[in-house]
Amino acid sequence: MLSHIVEELPQLVVNGLVVGTILALPAIGFTAIYAVLRFPNFTVASHATMGAYAGFVANVWLGLPIVPSLALAFLIPALSGLLCDEVVLKPLRRSSAATGPMAAAIAAVALTIALENVIRFVFGNDLRGYDLPVYRDWRFDLGFAFLRIGPQQVENAAISLAVMTAVFLFLAFTRTGKMMRAVADNPTLASIKGINAETVARLASLIGMGLVGVGGMLLGLDTSIDPLTGFRAVLTVFAAAVVGGLGSIPGAVVGAIAVGIGEELSLLVLDASYRTAVGFVAILVVLTFRPRGILGERAY
Amino acid sequence: MENYLVAMAVFAALYGMMALGLNVIWGMAGMINLGLVGFMAVGAYTSALVTVRHATWPMWAGVLAATAVSSLAGAAVARITARLKGDYLAIVTLGFSEVVRLVASNEIRFTNGTDGISAIPGPFRGQVAPATFNLIYLGLAAAALLLVFLLCQRLRHSPYGRVLRAIRDDDQVAAVAGKPVLRFKTEAFAIGAAITGFAGALYAHYNAYIAPEGFVPLITIYIVLALTAGGTGTNTGAVVGAALVVAFMEGTRFVVAAIPGLAAVQVAAVREFLIAALLILVLRYRPRGLFPEHHRRYPIPDERR
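Chains as they are written, first to last, in numbering that gives the first Met the number 0: chain A, 0 to 299; chain B, 0 to 304.
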């Protein structure tokens, strides 16, 4: 039993790292939107799917290589995310009727179903795959275990890391990035300093959903895509955001990697189909013992 | 056709009960629940498991067990998240319904997986003509709806219901007034989940067949739409809203099917889109529903006198 675990462990950790690195992008998008707009935007599910399909159209129908396709997988969900927020969700967040601020969260669930069905209307329910060159996996002999790594996996993780680095540089060093962090940190103080919260909110929706879209396409590159691609990943994305601390961007990265590895390690004891349930259990455990997550602020 | 209308009336009653359940959670206690379909599935599966798959309990015992189990599930979910911001409850409930579906699809020995459970017993099923069975069940569902409705009315107008509404409007004020907010919230959530599970069990016994793909998030949207369209906070609104939602769902079936040149998957997509869009429109333009909750206003006494 023990030797079996030792043999499996390196492979599972590597797989978890790759999955976690990819899922960090939608988790950053979700948590960044939460940080600025203060509500869970559940349209991450359909925007991840939308990114996957935008990339599919660019890659398969237009014949573009992967990296330019990813640009489209960013752009389309980004614009859709902005539009959805402006037209549907923002007016609901503002209305202080009996339904309260939670109306926007409910509307977001309805909206994600609506968008998912727009995609289904156009593309149908069939599984679709990207046009990718087939590589042979690299194999490593570690002495006590064998490791198999697919070049596509490495490429996806590298793309994700590059996008993440860009996001961090943007937030840390540009004026706009600092404005966004200021609003997330203390909206009142930010508005006293003359920061336009409207602009920052629009940027958060735009960039957040764009990252979600890129994440959706990277997920699709690994397997195939269908209208539920985003929905299946959404529990893991929530788990990443909550475990890391809702509203904390570094937290989302840490959370995504922790949940990614946790999900893979669960394969040692659980059936593969329970992988996403691990994310849910992680949410419950974190909310019970440390609701603010690893790097978040207070949660009540 | 007559049979079809009776079946729709049964569904309207079932959705009416679930909307009443949501009204306790959201309309009275102000807590969000985006995983209603999960509690419905817990109820449906509990009753199906004990009446046909793993035991042969009578139907009433199965429904009772379903109510108990779903209320425990509700209490557990609420206990963990009730002290946190509503956003966490939204995430956890949404996740809960997904995990329920995941377990139902994968615990094949326990739930028969994606093949579902069939031959769930119903009162006099097989002994009478299907049309008569439908009518009997309509009577049963209507009685159950009336029972739940009266219960919710009692709850709403009792001191207990008043505390819940106080918590909804401002839980800090309620806490200052010495009300154990956490306990009230957990109980309200458990009551609402119990009602939803009860309706779920009745659904299983009516349909005779349940499968994981029958418990999709769209059902949660139906229930939220029923309550919101009727009027959040009022029990009459929940019941009327449910009837309207079923009428709308069925109406789209005929209208969308009449559009020429659509594939079956496209027809389904258009219908789901319309339901989701309708909820968004109602939330935006009729947030208080057709039967808004009345707030009695007490004028502030004139200070000069």
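It is worth saying that the hints were derived from the structure and are not from the lab.
This structure is a prediction, so every number in the text was calculated from the model and none was measured.
Just so it is clear, CB atoms sit at the ideal spot from N, CA and C, and this is done for glycine as well.
Any given hint might turn out to be false.
Computed from the model, here is a short list of chain B residues facing chain A with C-beta under 10 Å [said to hold, decoys possible]:
hint, residue
1, 31
2, 63
3, 67
4, 79
5, 94
6, 105
7, 149
8, 156
9, 217
10, 252
11, 268
12, 273
Here is how each hint holds up against the structure:
1. Because the smallest distance between the Cβ of residue 31(B) and any Cβ of chain A comes to about 5 Å, under 10 Å, the interface hint for this residue holds.
2. Contact between residue 63(B) and chain A, as hinted, is not supported at the beta carbon level, the nearest pair being about 27 Å apart and thus beyond 10 Å.
3. Taking 10 Å as the C-beta contact cut-off toward chain A, the hint placing residue 67(B) at the interface is violated, the least distance being around 21 Å.
4. Of the supplied interface hints, the one on residue 79(B) holds, with its beta-carbon coming within about 5 Å of a beta-carbon of chain A, less than 10 Å.
5. Below 10 Å, beta-carbon pairs count as interface contacts, and residue 94(B) has one with chain A at about 5 Å; its hint therefore holds.
6. Interface restraint check for residue 105(B): the shortest CB-CB distance to chain A comes to about 5 Å, inside 10 Å, so the restraint holds.
7. The criterion of a C-beta within 10 Å of any C-beta in chain A is not met by residue 149(B), whose closest approach is roughly 24 Å, and the hint is violated.
8. The beta carbon of residue 156(B) comes no nearer than 18 Å to any beta carbon in chain A, farther than 10 Å, and the hint placing it at the interface is violated.
9. Taken as an interface hint, residue 217(B) checks out: its beta carbon lies about 6 Å from the nearest beta carbon of chain A, inside 10 Å.
10. Taken as an interface hint, residue 252(B) does not check out: its beta carbon lies about 15 Å from the nearest beta carbon of chain A, beyond 10 Å.
11. With a cut of 10 Å, the hint placing residue 268(B) at the interface with chain A holds, because the nearest CB-to-CB distance is about 4 Å.
12. Because the smallest distance between the Cβ of residue 273(B) and any Cβ of chain A comes to about 9 Å, under 10 Å, the interface hint for this residue holds.
In summary, the structure is inconsistent with hints 2, 3, 7, 8 and 10 from the numbered list given earlier, while agreeing with the others.
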